[in-house]
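**Q** Generate coordinates for the entire structure from the input sequences, incorporating the hints supplied.
Line by line, the protein sequences are chains V and W. The numbers in the first sequence follow the numbering used here, run straight up by one, and end at 168. The numbers in the second sequence follow the numbering used here, run straight up by one, and end at 350.
FYI, nobody ran anything at the bench for these hints, they're computed from the structure. Misleading hints may appear alongside valid ones.
If the Cβ cut is set under 8 Å, some of the chain W residues that face chain V in the computed set are [what the hints assert, rightly or not]:
1. Ser-203
2. Lys-212
3. Asp-290
4. Ile-292
5. Tyr-297
6. Thr-298
Ideal placement from N, C-alpha and C gives every residue a C-beta, glycine not left out.
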Amino acid sequence: MVRVVSKNVLCFTISALVILNVGLTSSYTLIGLRWQYSPVTYLSYSGYTESLSAVESWNAVSNCKFRADYAHAVSEYRTYRSDVAWDGLTTWTGNGQYFTSALIYLNDYYLRNYNSIVRQGVIAHEYGHVQGLGHSVPGTLMVAYTDQRGSICTPQEDDINGVRYLYG
Amino acid sequence: MNKKILILLSFISAVLVITIASPQTGTLNPSTSVSWAHYYRDLKELTMQSDIMVVGKVVAVHHFTDGNPPLAFNDYSFQVERVLKGAVNGAITVRQTAGVEDDPAFELGDRLILFLHNCTPDGITGVYYTLGGPQGRFVLDNGMVFSVSEVYPSINTASHLNVYGQSENQFIDMVQSYLKSP
Chain V
1 MVRVVSKNVL CFTISALVIL NVGLTSSYTL IGLRWQYSPV TYLSYSGYTE
51 SLSAVESWNA VSNCKFRADY AHAVSEYRTY RSDVAWDGLT TWTGNGQYFT
101 SALIYLNDYY LRNYNSIVRQ GVIAHEYGHV QGLGHSVPGT LMVAYTDQRG
151 SICTPQEDDI NGVRYLYG
Chain W
169 MNKKILILLS FISAVLVITI ASPQTGTLNP STSVSWAHYY RDLKELTMQS
219 DIMVVGKVVA VHHFTDGNPP LAFNDYSFQV ERVLKGAVNG AITVRQTAGV
269 EDDPAFELGD RLILFLHNCT PDGITGVYYT LGGPQGRFVL DNGMVFSVSE
319 VYPSINTASH LNVYGQSENQ FIDMVQSYLK SP
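**A** Next up, the structure:
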């Protein structure tokens with residue numbers, strides 16, 4: 001009887017630890033779309049030198065790769081808007097469960113005052129949305145607020161878990 | 169019997185693990201997500217950083233697009249009932265980028281407390297936007313105050329200031345106390 005109880009306790013303990021661990025390490029969210037193919041073609045019209053580093057940071061960890069091409073599905077633009085609270089915006093179109101195109105807007109009203117690391121963080125964050133990720137918690141690239149992202153400018157463990165869930 | 173219990177427990181555990189490990193998947197609409205420039209740690213910071221703070225009601229909305237490539241915006245006409253900070257009269261225009269996943273559209277008739285930035289110094293006359301997107305908007309319902317994250321539970325709330333059912337008077341007293349002793 002004692003042996004059976006011990007087994008049950010052990011089973012519960014292991015389950016609880018697994019559940020707790022998964023709960024703590026999986027914070028990413030998904031926007032509900034993914035790319036059906038890779039590489040995904042993109043073109044940067046923004047002129048920000050940090051764009052290439054941002055794209056390469058995703059290419060290093062995701063099986064959904066970006067490749068610069070004049071015939072592209074993803075376009076990155078620079079805008080200047082003092083009437084909004086955002087420094088980067090991504091809007092997309094989809095067909096069922098797959099992306100068909102995406103537009104990234106980088107707001108120079110804010111970005112011109114950021115250092116290169118923070119600017120890269122904003123751009124990489126937007127490419128994270130293009131990968132299919134939603135917002136996540138502080139300590140990740142996909143946290144919603146640039147202030148909270150700080151010097152994080154490449155995908156972190158939670159962000160990587162998100163794209164591995166999507167693309168293996 | 170004991171083996172059956174163990175198998176059952178293992179099955180329940182597996183179901184729980186799969187449930188918790190599954191990421192939250194949003195809907196296909198809206199189809200825009202942003203990086204907000206500034207995060208406001210608490211109500212005091214929101215109060216101190218706002219140009220104006222007002223209580224009032226959404227009375228009209230004007231949808232439009234702007235820029236190249238165009239972006240969609242909503243300009244809300246907001247009838248001010250009470251000014252908590254700054255100086256405004258009558259109705260003001262509050263601008264929102266349309267379709268942003270964690271900043272749901274205002275609804276006509278909504279009574280709100282808004283913490284606003286004035287765009288006028290940047291050359292856009294008479295237009296305001298809420299600080300931190302959804303952070304600067306609080307919904308009034310039957311004399312109680314709710315943050316956007318409480319009214320729209322489907323949005324990602326990881327970084328929001330959560331206010332749930334605080335009395336309107338208590339909330340206003342609190343933000344006004346920040347103004348008296350910054």
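**Q** Now tell me, hint by hint, if it's right for this structure.
**A** Taking the hints in turn, this is what the structure says about them:
With a least beta-carbon distance of about 4 Å to chain V, the hint placing Ser-203/W at the interface is held under the 8 Å criterion. Proximity of Lys-212/W to chain V is violated relative to the hint, the smallest CB-CB distance being about 16 Å (cut-off 8 Å). Below 8 Å, beta-carbon pairs count as interface contacts, and Asp-290/W has one with chain V at about 4 Å; its hint therefore holds. Hint status for Ile-292/W: holds, given a least beta-carbon distance of 5 Å to chain V, under 8 Å.
With its C-beta approaching chain V no nearer than about 6 Å, Tyr-297/W sits inside the 8 Å limit, and its interface hint holds. Because the smallest distance between the Cβ of Thr-298/W and any Cβ of chain V comes to about 7 Å, under 8 Å, the interface hint for this residue holds.
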